[in-house]
Amino acid sequence: DAKTTQPPSMDCAEGRAANLPCNHSTISGNEYVYWYRQIHSQGPQYIIHGLKNNETNEMASLIITEDRKSSTLILPHATLRDTAVYYCIVRDLYTGGFKTIFGAGTRLFVKA
Amino acid sequence: NAGVTQTPKFQVLKTGQSMTLQCAQDMNHEYMSWYRQDPGMGLRLIHYSVGAGITDQGEVPNGYNVSRSTTEDFPLRLLSAAPSQTSVYFCASSTRTGYYYEQYFGPGTRLTVT
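Chains L and A, in that order, are what the protein sequence lines are.
Sequential numbering of the first sequence, starting at 192, is according to the numbering used here.
Sequential numbering of the second sequence, starting at 540, is according to the numbering used here.
I should point out that these hints are in silico values taken from the structure, not numbers from a laboratory.
Check the hints yourself; a few may be wrong.
A few chain A residues that don't get close to chain L, going by computed Cβ distances all over 10 Å [said to hold, decoys possible]: (1) P547; (2) Q561; (3) D565; (4) N567; (5) A591; (6) G602; (7) T609; (8) R616; (9) S619; (10) Q624; (11) A631.
A partial selection of chain A residues facing chain L, derived with a Cβ cut-off under 10 Å [what the hints assert, rightly or not]: (12) S572; (13) Y587; (14) F644.
Quick list of the computed label-pair ranges, beta carbon to beta carbon [said to hold, decoys possible]: (15) A:A541 - L:T217: 33 to 41 Å; (16) L:S200 - A:Y638: 29 to 37 Å; (17) A:D595 - L:G294: 19 to 27 Å; (18) L:K260 - A:R583: 19 to 27 Å.
Beta carbons are placed, not taken as given, at the ideal position from N, Cα and C, and that holds for glycine.
Just need the whole structure built from these sequences, with the hints factored in.
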């Protein structure tokens, strides 16, 4: 699986959009971009995934650049409950979810 | 559905003791995995299974054994506990849905080895 690079921490004001970047310059054609988050002491929680098109669900939006070498997770209206560690993962379609390799992630602090 | 359950929630062991961390899922997922998370670090894959009777090693398998006799259960055995195995252990199960995998994590077991 391709390696990802994320900033170690970010701050965001409550109610504002949180934009979390991820670099995955060695991504290959059959690899998807996934985002998970881990709220303190809990197991990671799936947020969103994408291949090459932008994606949106009830939790977040995912913007993937045209060359697929980077992506941005957007939490449109961050709340205090969004304070967590966010993991960007690139995963092969065929080896899939059972071999997820997590990096250190980005620790997002949402401040009142 | 209970999802992924793990027992115990907390455990303290002495160096050299052995124990089994239990993991069960009721979603009929074919894939299951064990991770450990040390303080301030990301998750590291210990072992995984692609189906009953089939297991393989992840990034940090030393000191741990697994088996998968049923689809539902995937226990992790610590053979001879060491202080370096103090960590939070997460079990996960996953299934393929179309072109992506849905992966669900349990609440974790916090293990301290003294």
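Do the hints match the structure? See the list:
1. Taking the minimum C-beta to C-beta distance to chain L, about 15 Å, the non-interface status of P547 of chain A holds against the 10 Å cut.
2. The beta carbon of Q561 of chain A sits about 15 Å from the closest Cβ of chain L, which is more than 10 Å, so the claim that it is off the interface holds.
3. Against chain L, the non-interface label of D565 of chain A holds: every CB pair exceeds 10 Å, the least being about 16 Å.
4. No Cβ of chain L comes within 10 Å of the Cβ of N567 of chain A; the nearest lies about 15 Å off, and the non-interface call holds.
5. Non-interface status of A591 of chain A relative to chain L is upheld: no Cβ of that chain comes within 10 Å, the nearest being about 14 Å off.
6. The Cβ of G602 of chain A lies farther than 10 Å from every Cβ of chain L, with a closest approach of about 20 Å, so its non-interface assignment holds.
7. Once the 10 Å rule is applied to beta carbons, T609 of chain A is consistent with being away from chain L; the minimum gap is 16 Å.
8. With a cut of 10 Å on Cβ distances, R616 of chain A stays outside the contact zone with chain L, its closest approach being about 19 Å.
9. Every CB of chain L lies more than 10 Å from the CB of S619 of chain A, the least distance being 27 Å, so the non-interface label holds.
10. Listed as a non-interface residue, Q624 of chain A keeps its Cβ farther than 10 Å from every Cβ of chain L; the least gap is roughly 18 Å.
11. Annotated as non-interface, A631 of chain A brings its C-beta within 10 Å of a C-beta of chain L; the closest such distance is 7 Å.
12. For S572 of chain A, the suggested interface contact is upheld, since its CB lies about 5 Å from the closest CB of chain L, less than 10 Å.
13. The criterion of a C-beta within 10 Å of any C-beta in chain L is met by Y587 of chain A, whose closest approach is roughly 5 Å, and the hint holds.
14. With a least beta-carbon distance of about 3 Å to chain L, the hint placing F644 of chain A at the interface is held under the 10 Å criterion.
15. Judged by the Cβ atoms, the range 33 to 41 Å given for A541 of chain A and T217 of chain L holds: they are separated by roughly 38 Å.
16. Distance hint for S200 of chain L and Y638 of chain A: a CB-CB separation of about 32 Å, consistent with the stated range 29 to 37 Å.
17. Taken as a hint, the range 19 to 27 Å holds for the pair D595 of chain A and G294 of chain L, whose Cβ atoms sit roughly 21 Å apart.
18. K260 of chain L and R583 of chain A have their C-beta atoms about 25 Å apart, which keeps the hinted 19 to 27 Å range intact.
Comparing the model with each numbered hint stated earlier shows that hint 11 is the single one that does not hold.
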